[in-house]
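First residue of the sequence shown? That's 1 in UniProt numbering, and the numbers climb one at a time after it.
By construction, these hints were calculated from the structure, which means they are not laboratory data. Check the hints yourself; a few may be wrong.
Unchecked claim - Simulated pairs of lysine-lysine, PhoX-like, Cα-Cα distance not exceeding 25 Å:
#1 Lys98 with Lys77
#2 Lys85 with Lys97
#3 Lys97 with Lys77
#4 Lys84 with Lys98
#5 Lys99 with Lys85
#6 Lys84 with Lys101
#7 Lys84 with Lys97
#8 Lys77 with Lys155
#9 Lys84 with Lys99
#10 Lys49 with Lys77
#11 Lys85 with Lys101
#12 Lys49 with Lys85
#13 Lys98 with Lys85
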Amino acid sequence: QNLTEAIQNGVYPLGNESQIEDSNWDFSNSFFFAGTVVSTIGYGTLRPKTAGGQIFCVFFALFGIPLNIVFLHRVGKMLSLLCKKLGRFLYEKGMRKKKIKFLTLLFFLATGILVFLCLPSLFFQITEGWSYSEGIYFAFITLSTIGFGDYVVGKQPGRNYFSYYRTLVAIWILFGLAWIALLFNL
């Protein structure tokens with residue numbers, strides 16, 4: 001019974017979960033893998049196993065990480081323009097600049113918490129079978145790029161996932177990282 005519980009929790013007698021994972025290089029998993037490489041999250045549950053794949057991954061990361069930084073910077077600039085438009089609107093309504101800065105920060109913080117932490121956590125609760133707090137934990141650990149790998153989307157035994165699930169999660173990660181970058185630039 002203890003062995004069964006350990007296996008269900010990701011502890012395997014032959015190694016850890018990432019060591020015994022079967023090859024699953026479909027489009028969605030490949031997109032998710034690429035996203036975790038360029039974002040430097042790197043959960044470790046999906047990885048290249050051949051020498052050629054590993055060398056390709058190194059070069060992909062060498063070019064992909066800087067390109068991702070440029071991409072996140074551009075998305076951050078677009079979000080920053082929204083911030084300025086909101087600020088201009090509030091200024092035209094007669095609000096003081098200090099109050100505008102505070103309200104703009106509060107608006108983007110609250111909106112981001114809702115869009116990138118709270119709602120995805122509900123989605124993970126339904127799709128992954130995690131508790132809501134586990135969903136919050138996963139979302140924060142992912143978007144902060146800590147990426148422990150103790151919770152990974154699309155890996156729950158006995159669950160069926162729609163084909164582009166991990167692709168959507170990778171897109172959520174990229175825009176979530178852009179939101180985090182925006183908060184640092186406000």
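Status of each hint after checking the structure:
The straight-line distance between the Cα atoms of Lys98 and Lys77 is roughly 21 Å, inside the 25 Å bound, and the hint therefore holds. Restraint check: the Cα-Cα separation between Lys85 and Lys97 comes to about 13 Å, which is no more than 25 Å; the hinted pair holds. Using a Cα cut-off of 25 Å, the hinted pair Lys97 and Lys77 holds, with the two alpha carbons roughly 20 Å apart. Proximity of Lys84 to Lys98 is assessed by CA-CA distance (about 14 Å); at most 25 Å being required, the pair is judged to hold.
Between Lys99 and Lys85, the direct Cα distance comes to roughly 15 Å. Compliance with the 25 Å bound is thereby established for this hinted pair. Restraint check for Lys84 and Lys101: satisfied, since their Cα atoms lie roughly 10 Å apart, inside the 25 Å limit. Proximity of Lys84 to Lys97 is assessed by CA-CA distance (about 12 Å); at most 25 Å being required, the pair is judged to hold. Taking the CA atoms of Lys77 and Lys155, the gap is near 34 Å; set against the 25 Å cutoff, the hint is violated.
Taking the CA atoms of Lys84 and Lys99, the gap is near 14 Å; set against the 25 Å cutoff, the hint holds. Simply put, Lys49 and Lys77 have alpha-carbon atoms about 37 Å apart, too far for the 25 Å limit, and the pair is violated. Note on Lys85 and Lys101: the hinted pairing holds, with a Cα-Cα distance of about 12 Å set against a maximum of 25 Å. The straight-line distance between the Cα atoms of Lys49 and Lys85 is roughly 48 Å, outside the 25 Å bound, and the hint therefore fails.
Among the hinted pairs, Lys98 with Lys85 is consistent with the structure: their alpha-carbon atoms are about 16 Å apart, no more than 25 Å.
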